[in-house]
Amino acid sequence: MTRQQVLDLYFMDARCKLIELAAFLDRVERSDGEADFRLAAIREALPLLQSVQQDKAKAVLLSLSDPTNEPLLSAPGKGACGAWPGAPL
Amino acid sequence: MRYIEPHAHMVSRTTSDYEAMRLAGCEAVCEPAFWAGFDRSSADGFYDYFCQLTDYEPKRAAKFGLPHFCWLCINPKESEDMVLAREVLALIPGFLERPNVLGIGEIGLNKNTRNELAILEEHIDLAARFNQLILVHTPHLEDKLKGTKLILDLLQADSRIQPGRVIIDHVEEHTVSLVLDAGFWAGITLYPESKATPARAVDMVERAGMQNIWLNCACDWGRSEPLAVPQTALEMRRRGHSAKAVDDLIYGNPLRFLSQSPRFRIE
Ligand SMILES: [Zn+2]
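Those protein sequence lines, which keep their order, are chains G and U.
Residues in the first sequence are numbered from 1 upward in steps of one, following the working numbering.
Residues in the second sequence are numbered from 1 upward in steps of one, following the working numbering.
Quick caveat, the hints were computed from the structure, so don't treat them as lab data.
We treat Cβ as the ideally placed atom computed from N, Cα and C, and that holds for glycine.
Be aware that a few hints might be false.
[To be verified] Pulled from the structure, derived: some chain U residues nowhere near chain G, Cβ distances all over 12 Å:
id, residue
1, Asp17
2, Trp35
3, Tyr56
4, Gly65
5, Pro76
6, Thr113
7, Leu117
8, Pro139
9, Glu172
10, Ala182
11, Arg207
12, Gly240
13, Asp248
[As the list claims (entries may be wrong)] Among the chain U residues that face chain G by a calculated CB cut under 10 Å, a handful are:
id, residue
14, Lys77
15, Leu96
16, Glu97
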């Protein structure tokens, strides 16, 4: 596909997601109380979108990933939340 | 359009889903053993589940003209309890001769723990001893990268394992190259929120090449879309990919991988 064709196919979808993300940040900022690590994780990932390099999706995924290599001694539950809370205390 | 759905948890789906998949061109459906959304209280629960996967579900699928195949294991979410896991592992050889069983899966990791790794290693050993294909589940979200690396290390440490007979599923942009570069097959799972969307899946295929990749919907009891594979085929056509390229990816590739099992035969 040409760059023009990609824009024709995907611009409106990307625009929609961009505004959703902006509205999410507004919503979370006007709410009361402390944020957990997930908000910081999103803020850290945002500048990656401005990179001129390819692999921006990969960079965002890496920034949200557990970077450690050692298996855990036991499971802290079954679920995953989408961002890494940091090394367990 | 024709396609093979290589990863769907049909026990959690309705007959309308079977009908819709068939109408969309599905020619066969494969169902890995997985977590039920709650922990089973004993190995008996798994015995019954394996009977469901090898006896009842193929009959239900046949009513819609769909050949049904399955994979057997104890999933990583329940592998933290090693006593239970070993009881379930001991049941599996008794089911491997059933006519719709393709191999061991979906094994893998969930929270990347020592116990999960130990049980994964025992599943890999079982697959090697019984010469079975392997389907691997990689962890969710923030745990995927680490889990994928641990899984690759374990598989590569066993000299009996041939990478071409192992599919590592739920890859995303940060893990797809790790899997393919090591010679394994990669599965891209299409989910509404996590894993990959149709657009991202096609991006990955365009960049990594179509060789040794399959697409699947992994539909289950959670938010998921049983028609995600044909929807992604439409996405490819919108981008100008040929009908042949689409057919190669959604029919030819799973056919090529699954046909390594003598039990996978479709008309
Ligand atoms: Zn699954």
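Verification of the hints:
no.	hint	verdict
1	Asp17	holds (25 Å)
2	Trp35	violated (8 Å)
3	Tyr56	holds (27 Å)
4	Gly65	holds (35 Å)
5	Pro76	violated (9 Å)
6	Thr113	violated (5 Å)
7	Leu117	violated (5 Å)
8	Pro139	violated (7 Å)
9	Glu172	violated (6 Å)
10	Ala182	holds (16 Å)
11	Arg207	violated (9 Å)
12	Gly240	violated (6 Å)
13	Asp248	holds (19 Å)
14	Lys77	holds (5 Å)
15	Leu96	violated (28 Å)
16	Glu97	violated (32 Å)
The structure fails to meet hints 2, 5, 6, 7, 8, 9, 11, 12, 15, 16 from the earlier list, while all remaining hints are met.
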